[in-house]
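Colleague: Sequence:
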Amino acid sequence: MVDKNDGEKHPAKDRTAGKQDGGTTPVPPDPEPAVERPRKPVWLHIFGHDITAPFLLLLLSLVLFAPGQWTVPPLDRDEPRFTQATKQMLETGDYVDIRFQEQARHKKPVGIYWLQAAAAKLTGTGAEAPLWVYRLPSIIGATLSVLASFWLARAFMGPAGALLVGGFVALAIIVGVEARLAKTDAVLLASIIVAQAALARIWLKASDRRMWATGFVFWTALAASVLIKGPVGPMVVGLTVVGLFALTRKFSWFRAASPLLGFAWFLIIISPWFVAIWIATDGTFFTEAIGRDLFGKVGQGQEGHGAPPLTHLGAMLGVFWPLPSFFLIALPLIWRERKSPLVVFSAAWFFPSWIVFELVATKLPHYTMPLLPALALPVAAAMIEGAGTGTRATLRWIAAILLALPALGLAVAAFGGPFALQTWPSPPGVVIVSLAGVLAIAAAGRLLRGPALYAMPAVTLSAICLAVGIWGFVGPALTPVWVSPRLVAALDEIPGCAGQGSRQVVTAGFHEPSFIFLEGTDTRIISPKGAAEFLSEPAGADPATCRIAAIESREEAAFLAAAKEIGLVPEARKRVEGLNINGGDKVDIALYQKASPLTGTQDHHAEQQ
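Letter by letter, the sequence shown follows residues 22 to 630 in the working numbering.
In short, the hints are calculated from the structure, not lab data.
The structure displayed is predicted, hence computed values, not measured ones.
There's no promise every hint is true.
When the alpha-carbon atoms are kept at most 25 Å apart in a straight line, the in silico BS3-like pairs for lysine-lysine are as follows [stated by the list, open to error]: (1) 360 x 271; (2) 226 x 128; (3) 128 x 360; (4) 550 x 607; (5) 271 x 226; (6) 585 x 595; (7) 585 x 550; (8) 550 x 595; (9) 607 x 595.
Please model the complete structure; the sequences and the hints are all you need to start from.
Modeller: In structure tokens form, the structure reads like this:
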């Protein structure tokens, strides 16, 4: 679709020079006349080069991914599970078995835990590392994904088009979310894109001669994806290879990847830990990871995340923003060039894996993230070729609406959401996100007026404003949903209990992993009766150590009944109310201590009042 010199204009076809039947009949015109390439904008003249483009993508990635890394508390239940397991590796020195407190965490391989542990050690923070340290592999993985997308695209097109491909990956909402979560998916995306970039070069070369360096990159990246998230990487890459075989009916090109030696190298990389975990768990890891976690997600929606087929297709319209709007604009030109190597490779990458993701019962928005570059490739190429110049008005209007709506919706949510949570919105956050909505409208208007290429500056500025506004201001200001950090802060305010080293804490009814990570590994989750017995126990060898039971209101009656039964007089020191970000349930947590001997029952009741 686009050659390696995508800044040069294709020579126009001479439709009258050729003659038929003695030179009297002109050659009939093509049924679909070529779209005239748009003039390169100034920013593409400056940055559409192999030296300047990666620097711009690096800067763009940092601007998009850095806001919120230090200020947003633990998100999702998965993130604190990963960080807590890594924290325990650092505390125990066991870097083979993966555990969350005493529970074996046999769901994912060890790769991300090792990367997070390395980040903690390299920063000198160790097991007490703050959350942003554990997030470093994710922001680095997301940034590498952007740069690797540029390298991938350079196999098919010039640096100007490759800059657009990297830009679409950086701007995508889902990539920005995963860049801020200390878990597997951002690093997995980077490994898959690197493997696919090497595969593209092997396929395009179509040679029986071994491509040793490219093959080494391919098999190494594939092994890294396995250590990060098991079979997902090999599935996406393997289905791409099968798709290329099916679409081209050619098989010999894969010999250049040195499949025998490459697979041996692949096994050398992944085998040591898999053997070690087999020995350490007597094979239980594979039973849990494959038998329960993997097959469980395939057969039924785990943890309430089941959804019917085509759910991912609808979700991609939002989580891949702003790419879907440009895809609609570029679709006619992509279809016209459907037999080009670029479109063939993208189709072999996208469709087989997408079908698998739709058939799997468990569906989460980030599952399809490895398919994002497969869509960005043909879209960027079509934009360089002039996509949007002759697109039908109906299609342009749909694309413009898809481009503007997410930003406008987030602007409304930034203002109205805090009121729904009974708190005040962040003034700078509302202003910045509203500016993002205005810029998105400007970009949508540009889509309506001409080549899609000219809408990129406005949509990029809109994405930057969204990242800074939502993650830097709006999110941290939503204090009602950050229950765990406020609970730890309340514990610090109890006299004699400031500092995690001076207290022992148990919790009943509030079981969020984020609280375990923030408060400490020794925090115990027990029953209401166990909490009462915990407070009634005599002080240990260190009389300065205070005991606190965090009791959620739904368990409070059972806790007080158990305390009365054993003769314990509990005293509520603090209460923390909020909205549990997982599930949306309201929570009301009381921090109880054993009443001081000097405090009478009447004084105790008066303080509660």
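Colleague: All the hints need checking, so say for each whether the structure fits it.
Modeller: Hints versus structure:
With a CA separation close to 15 Å, the supplied pair residue 360 and residue 271 stays within the 25 Å bound. Proximity of residue 226 to residue 128 is assessed by CA-CA distance (about 38 Å); at most 25 Å being required, the pair is judged violated. A C-alpha spacing of about 41 Å is found between residue 128 and residue 360, which places the hinted pair above 25 Å, so the restraint is violated. Between residue 550 and residue 607, the direct Cα distance comes to roughly 23 Å. Compliance with the 25 Å bound is thereby established for this hinted pair.
Between residue 271 and residue 226 the CA atoms are separated by roughly 13 Å; this keeps the pair inside 25 Å, and the hint holds. A C-alpha spacing of about 20 Å is found between residue 585 and residue 595, which places the hinted pair at or below 25 Å, so the restraint holds. Distance check on the hinted pair: residue 585 and residue 550 sit about 10 Å apart at the alpha-carbon level, within 25 Å; holds. The suggested pairing of residue 550 with residue 595 holds, with an alpha-carbon distance near 20 Å, which does not exceed 25 Å.
Of the pairs offered as hints, the one joining residue 607 and residue 595 holds, with about 17 Å between alpha carbons and a cut-off of 25 Å not exceeded.
Consistency note: the structure conflicts with the earlier hints numbered 2 and 3.
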